[in-house]
Amino acid sequence: MDLHLNNISHTYDKTEVLSGIDFKIESGQIVCIIGPSGCGKSTLLRFIGGLERPKSGEVLQIGSPPPESLNPLTYIFQDFALLPWRSVRGNISLVLEDHGIRGKEAKAIIDDVLDRTKLSDFGDALPRQLSGGMKQRVAIARALSVRPACLLMDEPLSALDSQTRELLMDDLIELWVREKYTACYVTHNLNEAVRLGHKVVVLSRRPGTIREIVDINIPLEERHNQSAALQEKQDYLWGLMREEAAAADQELSQ
Amino acid sequence: MSRDNTKITSPVPFRGGGFSPRPMRIVAPILFVIVITIWESGSRLGWISPIVLPAPSEAYTAFMDLVNSGQLVLHLEASLTRLIIGWSAGTLLGVCFGVAAGLFTMARGGIVPFVAAIFPIPKIALLPLFIIWFGIGEESKVATILFGTFFPTVIAVYGGIDNVDRGLIRMGQSFNLSWWSIVWKIILPGALPAILSGFRISASIAIILLVAAEMIGAEYGVGAYVLLAGNLMAMDQLVAGVAMLSVLGLTVSWIIGRAEKHFLKWRI
Numbered sequence: 000m001d002l003h004l005n006n007i008s009h010t011y012d013k014t015e016v017l018s019g020i021d022f023k024i025e026s027g028q029i030v031c032i033i034g035p036s037g038c039g040k041s042t043l044l045r046f047i048g049g050l051e052r053p054k055s056g057e058v059l060q061i062g063s064p065p066p067e068s069l070n071p072l073t074y075i076f077q078d079f080a081l082l083p084w085r086s087v088r089g090n091i092s093l094v095l096e097d098h099g100i101r102g103k104e105a106k107a108i109i110d111d112v113l114d115r116t117k118l119s120d121f122g123d124a125l126p127r128q129l130s131g132g133m134k135q136r137v138a139i140a141r142a143l144s145v146r147p148a149c150l151l152m153d154e155p156l157s158a159l160d161s162q163t164r165e166l167l168m169d170d171l172i173e174l175w176v177r178e179k180y181t182a183c184y185v186t187h188n189l190n191e192a193v194r195l196g197h198k199v200v201v202l203s204r205r206p207g208t209i210r211e212i213v214d215i216n217i218p219l220e221e222r223h224n225q226s227a228a229l230q231e232k233q234d235y236l237w238g239l240m241r242e243e244a245a246a247a248d249q250e251l252s253q
Numbered sequence: 000m001s002r003d004n005t006k007i008t009s010p011v012p013f014r015g016g017g018f019s020p021r022p023m024r025i026v027a028p029i030l031f032v033i034v035i036t037i038w039e040s041g042s043r044l045g046w047i048s049p050i051v052l053p054a055p056s057e058a059y060t061a062f063m064d065l066v067n068s069g070q071l072v073l074h075l076e077a078s079l080t081r082l083i084i085g086w087s088a089g090t091l092l093g094v095c096f097g098v099a100a101g102l103f104t105m106a107r108g109g110i111v112p113f114v115a116a117i118f119p120i121p122k123i124a125l126l127p128l129f130i131i132w133f134g135i136g137e138e139s140k141v142a143t144i145l146f147g148t149f150f151p152t153v154i155a156v157y158g159g160i161d162n163v164d165r166g167l168i169r170m171g172q173s174f175n176l177s178w179w180s181i182v183w184k185i186i187l188p189g190a191l192p193a194i195l196s197g198f199r200i201s202a203s204i205a206i207i208l209l210v211a212a213e214m215i216g217a218e219y220g221v222g223a224y225v226l227l228a229g230n231l232m233a234m235d236q237l238v239a240g241v242a243m244l245s246v247l248g249l250t251v252s253w254i255i256g257r258a259e260k261h262f263l264k265w266r267i
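Going down the list, the sequences are from chains A and B.
Residues in the first sequence are numbered from 0 upward in steps of one, following numbering that gives the first Met the number 0.
Residues in the second sequence are numbered from 0 upward in steps of one, following numbering that gives the first Met the number 0.
Don't take each hint at face value.
Here are the computed lysine-lysine pairs in the DSBU-like style, where the Cα-Cα straight-line distance is at most 35 Å [stated by the list, open to error]:
id : chain 1 : residue 1 : chain 2 : residue 2
1  : A       : K179      : A       : K23
2  : A       : K117      : A       : K179
3  : A       : K54       : A       : K13
4  : A       : K117      : A       : K103
5  : A       : K198      : A       : K54
6  : A       : K106      : B       : K264
7  : B       : K260      : A       : K103
8  : A       : K103      : A       : K179
9  : A       : K179      : A       : K106
10 : A       : K117      : A       : K23
11 : B       : K264      : A       : K117
12 : B       : K6        : A       : K103
13 : A       : K106      : B       : K260
14 : A       : K54       : A       : K23
15 : A       : K117      : A       : K13
16 : A       : K179      : A       : K54
17 : B       : K260      : A       : K117
18 : A       : K13       : A       : K23
Derived by calculation from the structure, the hints in this document are not laboratory data.
Pulled out of the complex, with its shape left as it was, chain A reads as follows:
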């Protein structure tokens, strides 16, 4: 299943936040969206998953999601969004219960996703007992349990310290190499974008328009020993963003 963002524009009250956004997310690809703060990148992600409606334009699904996918468009949130009163297993079972998956079948799925996110020993822990990085891994496990066709990640590493971010980044890359998931990844961190993205969509400051779409044609698994080429891409992206970010920083908020 591919996704096509068809000429999306949006306004809040009278402020234009997004204008004429049009790009595709192809199956098996990670598309990163970067842009200065307040350019509407998180809003755009909410449109993609159907949590909000744009004023004009639409998000199209091209082809149908694989039949085994329980929740084709699945989010991973910056603040993890785990229920504090449920254990790790309970949090994952929450999203399965509504699909009528309980008991043995649920246990098998939960065991599997906990194993894939290296959380097998922490199934009965409560969220408050876990570190930030572990909480985000639980959120990733929860997302994987519904077999998404496209993962929508809203700054998933931004609430974490830099060491944890580094580790989780490696996990995301490893997971992609194994499972070739499709994802749309919103971030303000250029380094994350060049390490994870097959395609980087650079948005301008408000009203957000597409400044440029940069392809990065180095295979994900080889990027760790291509640091010079990555640095070049990152510098190029920073060149695109620098003035926008500086101008966005100077804007008064209303």
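On the provided structure of chain A, position chain B as indicated by the hints.
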């Protein structure tokens, strides 16, 4: 750099600490015993007139008379029945209306101003009205408690629902959870801390109203006992009755504390 031996060396003064009171179980019983001892010895030494305040031992004798005469069971039975029926019905209705106000725009528009208008009216002032509507019997007493507990419960419940993290609700929607699942598994557990502290307040209000209601046309009940004692100037009985009310309040607070410990284990 040469070292100046004449300079005074002293540790950095400590300025942190404090501002973090901890619970200490031993303090309350000791304080209680000290107060009772001073009171009792004051009465025995004649510093406190028995007409103004009877000695604790006299109040205890009055209480034992009540136990031995078999009246205590009748009083407590009457009071507890009214309290439990009135509080349960008021709380149940309050939770229903509070949830409605927390979830639906139309319900909120109707319920919130209504609650704001009626909550501040002392329900004791409405008691004569309830007597006209429901008669002098049990119904008017239960109705007073019901009304008194209903309004604070509504406020606690919809306030609690307002404070549930919208991010969690958004998460539920993003995983396609049904409306019922979101309410039952995300909103209600999230509002539970506020709902339980609402119960604490409504239970205290229920006890206050219980006594007030029992002071009008009740044969049995702790409130009736206290009123009678007051009319007869039997201060020892009055103190015994008031002490029973205090114990009742403590028991209710203890039960809610246990419920909080059980249901809110996930918090700390």
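Q: For the pair supplied as a hint, K117 (chain A) and K179 (chain A), confirm whether the alpha-carbon distance does not exceed 35 Å.
A: Answer holds: K117 (chain A) to K179 (chain A) is near 18 Å, not above 35 Å.
Q) Do the alpha carbons of K260 (chain B) and K117 (chain A) lie within 35 Å of each other, as the hint requires? A) holds (32 Å)
Q. Is the Cα-Cα distance between K117 (chain A) and K23 (chain A) 35 Å or less?
A. Roughly 32 Å between the alpha carbons, so the hint for K117 (chain A) and K23 (chain A) holds.
Q) Is the Cα-Cα distance between K264 (chain B) and K117 (chain A) 35 Å or less? A) holds (26 Å)
Q. Quick one, are K106 (chain A) and K264 (chain B) close enough, alpha carbons at most 35 Å?
A. Since the Cα atoms of K106 (chain A) and K264 (chain B) sit roughly 24 Å apart, the hinted pair holds (cutoff 35 Å).
(Q) Holds or violated: K198 (chain A) and K54 (chain A), Cα atoms, limit 35 Å. (A) Since the Cα atoms of K198 (chain A) and K54 (chain A) sit roughly 26 Å apart, the hinted pair holds (cutoff 35 Å).
Q) Does the alpha-carbon distance linking K106 (chain A) and K260 (chain B) stay inside the 35 Å limit? A) Between K106 (chain A) and K260 (chain B) the Cα gap is close to 29 Å, so the pair holds against 35 Å.
Q. K117 (chain A) and K13 (chain A): Cα distance at most 35 Å?
A. Not satisfied, since the Cα-Cα distance of roughly 47 Å exceeds 35 Å.
Q. K6 (chain B) and K103 (chain A): Cα distance at most 35 Å?
A. Violated: K6 (chain B) and K103 (chain A) sit about 75 Å apart, past 35 Å.
**Q.** Restraint check for K54 (chain A) with K23 (chain A), where alpha carbons must lie at most 35 Å apart
**A.** holds (19 Å)
Q. Going straight from one Cα to the other, do K260 (chain B) and K103 (chain A) come out at no more than 35 Å?
A. Given pair K260 (chain B), K103 (chain A) holds - Cα atoms ~31 Å apart, limit 35 Å.
**Q.** Given pair status - K179 (chain A), K103 (chain A), alpha carbons within 35 Å
**A.** holds (28 Å)
In this structure, the earlier hints numbered 12 and 15 are contradicted, and the remaining ones agree with it.
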